[in-house]
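There are 2 protein chains.
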Amino acid sequence: MARTRLKDIAQRAGVSESTVSRVLNHREGIAEDTQRLVREAARALSHHAVGDEDDLVGVLVPDLENPIFSQWADRLEADLFQRDAATIIATRPRGTKGEQHAFHRFLRLGVRGVVVVSGFHAQQHGPVAHYRELLGEGINLALINGVREDLAGTFISTDDVAAIELAVGHLQDLGHSQIGLALGDEHTWPVRQKVRAFERLIDVSTAARTIAYTDFSYAGGYEAARELLRQGMSAIICGSDVMATGAIAGVRSLGKDVPRDVSVVGFDDVSWARLTSPALTTLRQDVPQMSRAAVQAVLASPVDSRRPERTELLVPPQLVARESTGASASSRRTGSPVSADTMRE
Amino acid sequence: MARTRLKDIAQRAGVSESTVSRVLNHREGIAEDTQRLVREAARALSHHAVGDEDDLVGVLVPDLENPIFSQWADRLEADLFQRDAATIIATRPRGTKGEQHAFHRFLRLGVRGVVVVSGFHAQQHGPVAHYRELLGEGINLALINGVREDLAGTFISTDDVAAIELAVGHLQDLGHSQIGLALGDEHTWPVRQKVRAFERLIDVSTAARTIAYTDFSYAGGYEAARELLRQGMSAIICGSDVMATGAIAGVRSLGKDVPRDVSVVGFDDVSWARLTSPALTTLRQDVPQMSRAAVQAVLASPVDSRRPERTELLVPPQLVARESTGASASSRRTGSPVSADTMRE
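In order, the protein sequence lines correspond to chains L and D.
Note that the first sequence covers residues 189 to 533 in the numbering used here.
Note that the second sequence covers residues 189 to 533 in the numbering used here.
No wet-lab data here; the hints were simulated from the structure.
Some hints here could point you the wrong way.
Claimed, not checked - A few chain L residues facing chain D, derived, Cβ under 10 Å:
id	residue
1	Val247
2	Thr279
3	Ala290
4	Thr464
Stated by the list, open to error - Derived pair list, reagent style EDC-like, types lysine to aspartate or glutamate, alpha-carbon separation capped at 16 Å:
id	chain 1	residue 1	chain 2	residue 2
5	D	Lys444	D	Glu411
6	D	Lys285	L	Asp272
7	D	Lys195	D	Glu220
8	L	Lys195	L	Asp221
9	L	Lys285	D	Asp272
10	D	Lys285	D	Asp251
Stated by the list, open to error - One side of the interface only, derived from the structure: several residues of chain L facing chain D at Cβ under 10 Å:
id	residue
11	Leu194
12	Ile436
13	Arg440
14	Ser465
15	Ala481
Ideal Cβ placement from N, Cα and C applies to all residues, glycine included.
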């Protein structure tokens with residue numbers, strides 16, 4: 189090891205060069221704490237030498253349990269790799285604190301940009317100072333599925349209004365008039381968009397409650413389906429595919445069949461949506477297009493930290509009709525014609 | 189901003205304090221490069237001040253496309269969170285280089301430990317110097333599903349021998365004698381373990397080839413199933429659930445039915461394995477127990493970098509019998525008794 193190197197480590201660790209030498213050569217008789225100091229200093233310097241990777245991008249997803257989030261992370265990594273950029277992934281365990289910590293880790297790694305999927309930028313209220321901190325450091329932000337008016341960055345979202353219009357149209361074509369909506373946290377942008385579109389299409393002034401707010405999990409779908417069936421619904425649009433599989437179980441728990449008695453529509457089109465029994469009719473998020481747009485945004489020239497720009501992009505979803513939706517019982521009885529102009533796989 | 193702070197940044201960036209002040213206060217007329225230098229210096233110092241998180245753990249998975257890997261990452265994150273440790277996740281895109289880069293990122297973040305799922309430690313040969321580098325830095329290593337004799341660390345693997353014994357036993361109980369095995373890369377430890385166990389149980393000296401090496405994907409399962417069916421197999425044990433869904437499609441592509449004509453066994457028990465049609469009979473990896481063991485290993489006292497220890501842990505899998513396996517056609521014809529002592533959900 190070069191003499192200058194020993195000197196640097198000694199200086200950083202605040203010990204003598206001979207101590208450094210003894211620690212690095214595994215000699216006995218050095219206090220644990222001193223050993224640790226020296227090792228840390230050596231590590232810091234050696235990795236400073238390796239240098240930051242130029243094009244490292246941080247990807248933050250809520251969790252990796254919901255397959256749509258792992259699909260996002262996987263797709264973003266692949267698209268970044270194609271553009272010679274490396275990816276580091278964090279989840280945001282339980283609350284803003286986790287998101288702040290993840291952002292700080294990204295900063296320490298010297299990332300060029302950060303992609304956040306369904307983060308706090310999707311919340312109607314709540315702190316986003318940590319997002320502004322990134323922008324202030326000249327870091328590009330791509331924010332997926334959520335819009336905050338009071339924040340700069342590139343916002344890329346699935347067009348939830350179009351999604352609800354497609355789903356409601358599909359179900360009405362099948363003869364359904366009692367259509368319910370099963371969603372998670374009502375304070376997020378995607379949920380509010382869906383509700384707004386839904387209330388424009390469906391008469392919600394009746395006594396029956398047509399929207400159930402639970403959460404986007406299997407259990408959430410199960411509970412929501414039972415609640416909506418008790419309100420007389422014959423079709424349920426869910427906020428995620430995971431939720432839709434729970435809804436199917438919820439329908440069955442009341443002795444009814446999907447799609448004979450009740451139609452269920454999912455959201456996302458995760459990889460296994462075509463494998464379930466019955467295969468899920470769902471709204472496919474255009475993850476490939478959205479991912480490409482996000483990668484382009486984060487690898488663009490660094491943001492001007494004085495005047496960070498704001499861009500909004502809405503990407504239309506696609507209705508994928510499979511087996512979990514079918515003609516309503518009433519339309520089958522009356523023999524009323526059912527149009528079949530929706531895309532079938 | 190305190191004067192000392194300006195001075196530190198100026199020193200680090202190699203510019204005057206007034207330049208630092210002008211950049212940080214967004215004054216005009218500073219060259220782009222200088223601005224960048226100053227911002228980087230300010231960032232480095234501010235994040236040095238924030239300090240490393242004490243208990244940060246790096247998790248490296250091959251990708252997040254295969255649901256078993258996202259399940260691993262999700263579970264490890266949850267278990268680490270419970271022990272007040274934070275997680276940073278990396279994938280290893282295409283080859284050793286990606287793994288080395290990920291390790292360096294973890295080092296730069298000052299991680300306390302690293303968990304590697306199905307990494308290069310599972311390869312029979314190939315470079316593992318970057319693993320030794322981590323150990324040399326006093327970083328704890330937990331290495332999932334793969335064993336290298338020439339490497340220290342805590343190795344935690346599903347017992348593949350037990351897995352094959354369970355699967356073969358289950359299929360033989362159902363009357364199958366023509367059993368094939370569909371696997372990926374034959375140079376990895378888990379694959380070699382499975383093959384060894386399989387060859388002890390099945391007579392592979394016949395003309396028919398009973399093992400197909402493709403890869404662990406849907407396409408790999410499709411191809412392997414068609415190959416094994418042409419060799420006269422009536423049951424196929426796959427190396428992953430994703431592969432098993434491909435195998436089912438492969439069986440159907442030859443005009444045959446699962447499980448009437450051919451039985452298919454998966455591996456992993458991913459979250460959607462019970463939702464497929466037919467629901468997958470599979471070998472469940474005990475991810476919860478293995479994850480807890482890995483977390484315990486990486487949060488233990490730092491390894492003695494002079495004499496890193498080596499531990500091996502084998503965790504038994506469980507056979508989960510669902511709908512993709514059934515009595516063999518020949519046993520149904522002859523009416524021979526089929527024992528039914530395997531666990532059914």
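Okay, the hints, checked on the actual structure:
| no. | hint | result |
| --- | --- | --- |
| 1 | Val247 | holds, 9 Å |
| 2 | Thr279 | holds, 5 Å |
| 3 | Ala290 | holds, 8 Å |
| 4 | Thr464 | holds, 5 Å |
| 5 | D:Lys444 <-> D:Glu411 | holds, 15 Å |
| 6 | D:Lys285 <-> L:Asp272 | holds, 13 Å |
| 7 | D:Lys195 <-> D:Glu220 | violated, 20 Å |
| 8 | L:Lys195 <-> L:Asp221 | violated, 19 Å |
| 9 | L:Lys285 <-> D:Asp272 | holds, 13 Å |
| 10 | D:Lys285 <-> D:Asp251 | holds, 15 Å |
| 11 | Leu194 | violated, 17 Å |
| 12 | Ile436 | holds, 9 Å |
| 13 | Arg440 | violated, 13 Å |
| 14 | Ser465 | holds, 3 Å |
| 15 | Ala481 | violated, 20 Å |
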